[in-house]
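If you read the sequences in order, they're chains A and B. full-length UniProt numbering numbers the first residue of the first sequence as 1 and each following residue consecutively. full-length UniProt numbering numbers the first residue of the second sequence as 1 and each following residue consecutively.
Note that these hints are calculated values from the structure, not bench results. A portion of the hints provided could be inaccurate.
[To be verified] Listed below are the simulated EDC-like cross-link pairs for lysine to aspartate or glutamate, each with C-alpha atoms no more than 20 Å apart in a straight line:
id, chain 1, residue 1, chain 2, residue 2
1, B, K107, B, D145
2, A, K84, B, D145
3, A, K83, B, D145
4, A, K239, A, E60
5, B, K162, B, D144
6, A, K395, A, E250
7, A, K239, A, D20
8, B, K5, B, E80
9, A, K239, A, E54
10, A, K83, B, E59
11, A, K84, B, D144
12, A, K403, A, D20
Just so we're clear, the structure is a prediction, and the values are computed from it rather than from any experiment.
In case you want the letters, here they are:
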Amino acid sequence: MASLYQSDRNKYECSCGAWDSLGLLYFCRHCSVTRCSSCVLVELDCFLCQNCLESAPVTEARLKKNRCFACNFCPFCATVLTKKTCVNSGNTFLSCGVCRWSTRDAGIPDQSKTTTDWPMPENPLSKRLNEISGHFKDLETREKARKEKDTTKRRTNFGGFDASKFSDRFGVQKMIQARKKAIETPASTVESHVATADVPALPDDVFESTAAIQLPLNVINKQPLVEETTLLPVRLPLKGRKAIRCRKCEHHLLKLDYSPNAINYKISAFARNTIPEIRLSRGVELVVGQQSSILLTLLNHSENGMQIILTPDADDSAFEIVTESIDITLSPLDAADVLLGAEESKYSAASSSSSSNIVFQRRNRVGIRLDLCPKVDFKCLPLSLKFKNIHTTAKLETSADWKMVKVRVGLDK
Amino acid sequence: MEQKKDITILPGDPAALVVETSNLSGKIKFSSGCIVHPTASIKATNGPIEFGESNLIEEQVVIENLSEDPLIIGPNNHFEIGCVIHASSVGKNNVFGVRSIVETGAKITDGCSIGPKCLVKPFEKLSPRTVLCGNLNCERRSNDDPPSIASQMDHLRLVIPKYNKIIK
C-alpha cells in the first residue's frame, strides 16, 4: 500500500531532467526514454457527458456550448437531476434526490415522456448578442480584405491584355471580386448603447427584507441574479477526455478505448510497466560513522523478465559505499500463478544472482540489503538503476539494451 | 437500569412487524403497517411513544422520548439508518435521512425531509414541507411531499419475517 499512498517518496529522473514518482512517468518505447507530465503532449480525445456517457465530437460539442442537452444538475445543490414521471398525466419532470428541488418549483411545465432534450429558456439578450457578433464578423472580413489588398502584389495588364478578359481558370478573378465587394459594401451598423439618467429607484425594503430562506453561497455564485423561486436547471458541462503523446516522436503514450463506457486503455505506456519499482522495506536508522544497512524491495511489474544492476551514487559523498553494486534477475509476475498459488521455487530457480546481499526473493519481488557507511546525516539515497528489459524498445529484431535511470530514495520517516 | 417493556401492537392489515432484536423499552404503541428493523432502539424513557400507521424504522435508529408528555408520531414516516430523534412531536410523511439528528423538543410537522447528517436544533419548529440538506444544513421549502415508499414497505413485509423473529 505504501506504493499507493506514499508514491512520492521515491523519485525517478525523467529524460528531461525533472524528478517524479514512478506512477506519474511514462516510457516511450519508440524513443526508449522516460517522459514526465511536462515533456508530453496532451490532446483532447473526445468530449463526453459524465452522467449519460454520451460522447460528442469537437464540432458538435462546440455547437452545444460544451453542455449535454439531456442531463441537468440541480441549481441548488449541484446533484444530477433525475427524471420522474407524474402518475396522473404520464408527463415527466426533473427532480433532485437530495434537496427535493424539482422543475415544478421553477414553474417549468412538465414535458412529454419522449422528450430527451430538456428545454432551456432563451436568453432575452440573444438577439442583441447575435447582432453584435455579426457586426464584428463583418468588420473582420473588411479588415482582412483591406490588408490583403495592401500586401499582395498588383499585376495589371499581362502584355497589354486586360487580366479580366482571360477565363478565370484559377479562381483569381472570383477572389478579387469578393475582396472588392467586401471593401465596397457599406459596413453594417449596430446601434450603440446610450447613457441615460433615467434609472429606476431601488425598492424601499431592499436592504431591510431578509429572505426567509437563505441561499447557500455556491448557489448565489452560479445564478447570482435570481431568487430561489426562479432557479433553473443547469445543463451538465461535458468533460474532455485526454490522450497523451510523446513530444518527440508523437506516438501515443496513453489512449483510452474508443467507447466511453470502457475503462481499459487501448495504449498505455506507463513507466511502471517497464522500469522496476524500488521501495524501502524497513524503516532506516543510520548512525554517522558506523556501517549501516538499508533494506530495499525491487519489484518487476512488466510482462518480461528483467536484468537489473543497482549501484549507489556517492557523488555528494554523504556516505561511503560498502556494497558496490547488486546484480539481480527478476522474473515477471504471472497473475495466474498468484491465483493458483503456484510453487515459488519455479521463480527462484529462474533467477540467478551471485550477490550475497539478497534478503529474499519471491515471485516478481526481491528484497536486497545495501550496506553503507554514512559520513553525515542524509535524507535521500541516490541510486543508479541499470535494467535490461525487452519491453524498452519497439523494434522487434533488436535485442534489449541496458537502460539507466537515476532514483532518489527518500529516507525521511 | 433496564426499563420494563410495555409494548402494544395494534391489530390491522397489514400487521405491524416489530423484530425481537430491536431494543425497545418503556411504553410504546405501534399501529398497523409499522416496520421496525433489528438494532433499532425505541426508548420511552420518561413518557410513552405512539407510532401511527406504516412507519419504517431502520437499523440503529434511536427514537427517545425524554419529556413526560407522550411523543405522538404520525403515519408514513421514514426513519433512515442511524438517525437520532428526540423530537416532541412528529407529523406525517416525513423522511429522516441517514444519521440525521433531531434535538430535544423540536417539532416536525408534515412532509419534511431532513437530509443525511442534517441537524434540527432544540425546540425548533419545522413548517410543513421543509427540506434540510447539505453539510451547511441548507433550508428550503418543497412544493411536494417526499416520494412514497409503499413499494419498499411491501417488499420488506415479505422479506423481514423470513429472517427475523417478530414480536406478536
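The hints, checked one at a time:
{"no.": "1", "hint": "K107/B x D145/B", "result": "holds (17 Å)"}
{"no.": "2", "hint": "K84/A x D145/B", "result": "holds (14 Å)"}
{"no.": "3", "hint": "K83/A x D145/B", "result": "holds (16 Å)"}
{"no.": "4", "hint": "K239/A x E60/A", "result": "holds (13 Å)"}
{"no.": "5", "hint": "K162/B x D144/B", "result": "violated (35 Å)"}
{"no.": "6", "hint": "K395/A x E250/A", "result": "holds (16 Å)"}
{"no.": "7", "hint": "K239/A x D20/A", "result": "violated (27 Å)"}
{"no.": "8", "hint": "K5/B x E80/B", "result": "violated (24 Å)"}
{"no.": "9", "hint": "K239/A x E54/A", "result": "holds (10 Å)"}
{"no.": "10", "hint": "K83/A x E59/B", "result": "violated (29 Å)"}
{"no.": "11", "hint": "K84/A x D144/B", "result": "holds (13 Å)"}
{"no.": "12", "hint": "K403/A x D20/A", "result": "holds (18 Å)"}
In terms of the numbered hints stated before, the structure departs from hints 5, 7, 8, 10, listed from lowest to highest.
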